[in-house]
Each structure stands twice: as structure tokens, then as C-alpha cells.
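Trainee: Just need the whole structure built from these sequences, with the hints factored in.
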Amino acid sequence: MIKGNVWKYGDDVNTDVIFPGKYTYTISDPKEMAQHALEDLDPTFASECQKGDIVVGGENFGCGSSREQAPISIREAGASCIIAKSFARIFFRNAINAGLLVITSADAVDAVEKGDTIEIDTDKGLILASGQTFNYPPLAPEVAEILECGGLIEYTKMKMNA
Amino acid sequence: MGQTFSEKILAKKCGKPSVQAGEIIVVEPDMVLSHDNSAAISKTFASMGAKKVRFPDRIAIILDHCIPAASDKHAINHKTIRAFTEAQGIEHFYDINTGICHQVLPEKGLVKPGSLILGSDSHTTSHGSLGAFAAGIGRTEAASIWATGSLWLRVPETIQVHLTGSFSPVCSAKDLALKLIGDIGSDGALYKAVEFVGPAIESSAIADRMTLCNLMAEAGAKNGYVMADATTREWLAKRGVTDYETVVSDPDATYDRKLSYNLDELEPVVACPHNVDNVRPISELEETVHVDQILLGTCTNGRLEDIQIAANILKGKKINRTTRMIVFPASHEVYRAAMASGDLMTLSEAGAVILNPGCGPCLGAHQGCLAPGEVCLSTANRNFKGRMGNKDAAVYLGSPATIAASALTGRITDPRDVVAQGVSS
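Protein sequences, first through last, are from chains W and C.
If you're matching positions, the first sequence starts at 1 in the working numbering and goes up one per residue.
If you're matching positions, the second sequence starts at 1 in the working numbering and goes up one per residue.
In the BS3-like style, the derived pairs of lysine-lysine whose C-alpha atoms are separated by at most 27 Å in a straight line are:
1. Lys85/W to Lys114/W
2. Lys79/C to Lys51/C
3. Lys85/W to Lys8/W
4. Lys85/W to Lys3/W
5. Lys16/C to Lys159/W
6. Lys85/W to Lys124/W
7. Lys73/C to Lys31/W
8. Lys124/W to Lys3/W
9. Lys385/C to Lys8/W
10. Lys124/W to Lys114/W
11. Lys51/C to Lys157/W
12. Lys12/C to Lys258/C
13. Lys391/C to Lys114/W
14. Lys43/C to Lys31/W
15. Lys159/W to Lys12/C
16. Lys114/W to Lys8/W
17. Lys52/C to Lys159/W
18. Lys385/C to Lys31/W
19. Lys43/C to Lys159/W
20. Lys73/C to Lys51/C
21. Lys85/W to Lys258/C
22. Lys79/C to Lys31/W
23. Lys52/C to Lys157/W
24. Lys31/W to Lys391/C
25. Lys85/W to Lys391/C
26. Lys31/W to Lys3/W
27. Lys385/C to Lys85/W
28. Lys108/C to Lys79/C
29. Lys73/C to Lys385/C
30. Lys114/W to Lys51/W
31. Lys3/W to Lys114/W
32. Lys179/C to Lys85/W
33. Lys51/C to Lys159/W
34. Lys124/W to Lys51/W
35. Lys79/C to Lys52/C
36. Lys51/W to Lys85/W
37. Lys114/W to Lys385/C
What the hints contain is simulated information worked out from the structure, not anything from laboratory work.
Mentor: See the structure below:
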């Protein structure tokens, strides 16, 4: 079970506003990445995000570059998951690979506002928000396995040792 | 039931007789591409407990994102990569004297029709231009492929784009690609393949195809492609590449959506700040847009053909004194060809600054970043807020002809107006 406060944004939140390209070869510490999370979209996010908070976005969340500092910076800022109407494909992969839960649910996105406290039952695939319950589709088993391992690094370790 | 190009290639790479769109499979790519991010990838590779890369000959590493190094941090990054490639016996390593990875990979004969190329760069879609299946992945995924040789992929649905008419400087592959992205939106091809067919494609140059496939990343596509034909074979033969299997979609393959455009009916467009799908015909821009900086280059439009279009418009002229222009050829092969043809001399005489091949300021790393309030008109592929180093700057995207015409006036200018005035030779 996940419980956290919502940070809500619109459509096409791109990787340049999540983690600006100028930092991609100068910052390698995940903790330092967290200080720049969503910097050019919402300068308050990095300093005010509480552990467990939930980032909510519209269509095509994470479009743009393949830089995986984008989901890592959001994870390191303390967010427990991202709910969006849809995800850009490389961002989706990078989030799973970083062990960050990503949920696709257009109805839940429309139902919540910034600051709402919502709960997610990951076993049942349910989002509890604004007095309503929303089902979200499960990840493909192959993808869920990577997330359950804690990300692709741990998953690859397991495969190499198998 | 017929199969698409993507279904055929991915079936082969996962060892199944056939696969269908939507299926998740584990594939062995023929090539995994990375660039300056290879230092980070090598650290992730080590953290996985891996010692030796599984298939050194299936790895290509090309330094391009910040070359020559802009700071000691970048230099350390490059040094780490050189040491890693040496220790691992990676032969397809190209240092700062080659160019942008998406230009160098095909130039070095490492893109073959029918092959599967994965790259930890979103514009890896470019390599579909030579009939390969090519998609972007993340850094950790590149590390995992280095370690294991394989990765999961979802088989994409396919959008077919049928093109009639012909490409020209004033209705270029850039204009068509931006028009398409504007029409379907920046998520219009999300998770999907985009197949380009039709008479305009049959008569198109490889440079045009590279531009088209490169930009499909901006529509959210997994891959974009042009199936290999006589033009492809001729381009590859010049680079000694003759050993490959051409893959084409079956006539009865299933498509998610079909679109068609007549290039002769299109007009020059720009993508306005701050999204690539914010596309407008230049003739319909409501106000004059003064341009502080003009950028010609990048993996989208840094080829000889692009440089020649700009040089033809600027020959014997001077860049407007209210603007500045920087030129980055996409590779050293292009750089040398543009020197030999005189086009770099033409651009320099017109007042452009000629820089070394590389990604330059496209991602805001160095060599031409913007100040707050400044406007850049660029041939690149992305105009997001903060992209060129400052969130209060604005980036417009256009074709080589558009940026050259605009260099003469200092404002975003329809290249047809300049050609009509006899400025172009």
C-alpha cells in the first residue's frame, strides 16, 4: 500500500523540464539529481516533495530525451510513484528500470488535484482518491518482474547468476 | 495474415517464427549504440557485477555530446570511456574526431537493413532510414545488453505514411516531419512504428530519410523506417556494406493507421516554443519573430545536403547584423566534404561561425547556449523549455532553407520569399 500527497502537472511533461540537459554530464550522484527534479517546470517540487508523494501527469509524461536521470531524480526526491494518462515509451522503461512504479490511469488523473492525499493498493491494482476507486491495468509479467527485483540492475544480476 | 517490417525483424531477433504487435519479447540486438553517456553506463555495468561485455563487436560508442570536453568533468567522462573501450576490446569506438553518433554509425557501415539497433539515445530512430529496426532505450538498458546481450521489447503497431510529390528545399523532409508531428501530436505515434512509403520516398535521398526517421522520436514513435531499396543499396555499397537481408512489410500486413501527404501541397513550417508539435506554417505566423541565434546542424539536419541548401541561399550575401549563425556539420566526413565543395567557405564568408562536428548547444551543453529572453531558430529536433541551456529562452525549429533565409533578414522568414527575390543561386 502506498499513501502520499499529489503533485499534479499537465500533458507532455518532457525530460528537459524534469532534468535539464545541461546537468547530464556534470551530475552523477542521485541525491544531487534530486535537487534538480522538475526544476524548469516546478521549482518548489525538489525542496518540498515528501517521501511517498505521488507525481501525477497528463498524456505523454516524460517525452523527449532518453536520459534516465529524469525518473531517477523524481524517485530520489522522494516520490513513490507516477500516475499519468500515458507515458512516453523510453521514460516508462527508464522508470521501471529505476524501480519506480508507473501507473497509467486517465480517470484517476482527472479525479485528483494538487495536495490531495491518495492511496494505491498495488496488490489489487487500485487507486483510492477523492472518495472514488480506480482500477489500473497490471504491467506485463516480464516488466513487472524487473520492477519486483527493484529495477534492471538487480534483475540483470539475478539473470547473470541464474 | 501478413506481417509488418517490425514484426518480421523482431521475430528473427527473438528466435520465434512470428510475433504480433503488442507481444513482449526478449531480443538480441545486432548493435547497441551509446555516446558520452557510456561512462555512466560502464559504472552501471560494473554495479551489475559484470566483468566482460558479452559481445564486444555488437557495441558502438561514439563521443559526440560534449566534444572537445567543455570542462574537467566532461574530460574525466571521456577518459573513463576511452579506458573502458580499451579494456573491453570494443573496436567500434570513435573519439572526438568523428561526429554525431547518428551520423557516424551509418557512415562506418554499422547500420544494415534488416538489423536491430538499440541505442541509449532517443534519436536512435534515425537508423530506420537504412531499413533497420532502430529504437532508443535507457542507459541501464544499454548496460544490461553489454552484460547479457539481450533486452525486452514490445512489438509495435505500425502507422503507414504515404508520400506523393517530391521533396525540395522549400518543402523538405524537415517540413514534412514537423507537419506530421503537428498533425498527430507529440504522442501521436507513442509506442508505434512509422513506415514511410510512396513515390516521394522512392525518389528521396538517404539524407531526407535520416531526417524523417530522426524526427519520429518527437511523435513518440518507437521506430521510424524506410524499407531498403536501390537508393539504400547504392549508399551502403559506397561504404562497403553488401552483406544484409532486406526486410519489407507484406502487402496484407495490418496497420494501426494510414496517413498520406502530397509534398507539393505543403509549405514551409516551424515548430514554435516550447513543444515540437506546436507547428505553424511560416506564412501564418502572426507577428515578426526576431532571431538572436541561428543553428545549422545536429543529427536532424547537419548533412552535406543541408549545408549546401543553406550555402546556396547565403552565397555572396551577409548574415543580418542583428543575428548570429553557428554551423555544426554532423560528422567529420560531412565537414571535409563541405570544405571540399566550398560550402563552408561560403557560410564563413557570409558571417557564420563554423564549429566542430558534435551535438553542440542542441542539448544546452556548450558552444552556443542561450541567454534569458533570447530566441534561437534551429535545424535541431527539440525545442523544449530550457533545452538550449536557459528556461527563459525560446527555440523555434525549421528546415535548412528556412534558417538560411532567416539569417539574411534576422527574423523567421519563409524561404520562398528569399528564393522569389533571386537571392538563391
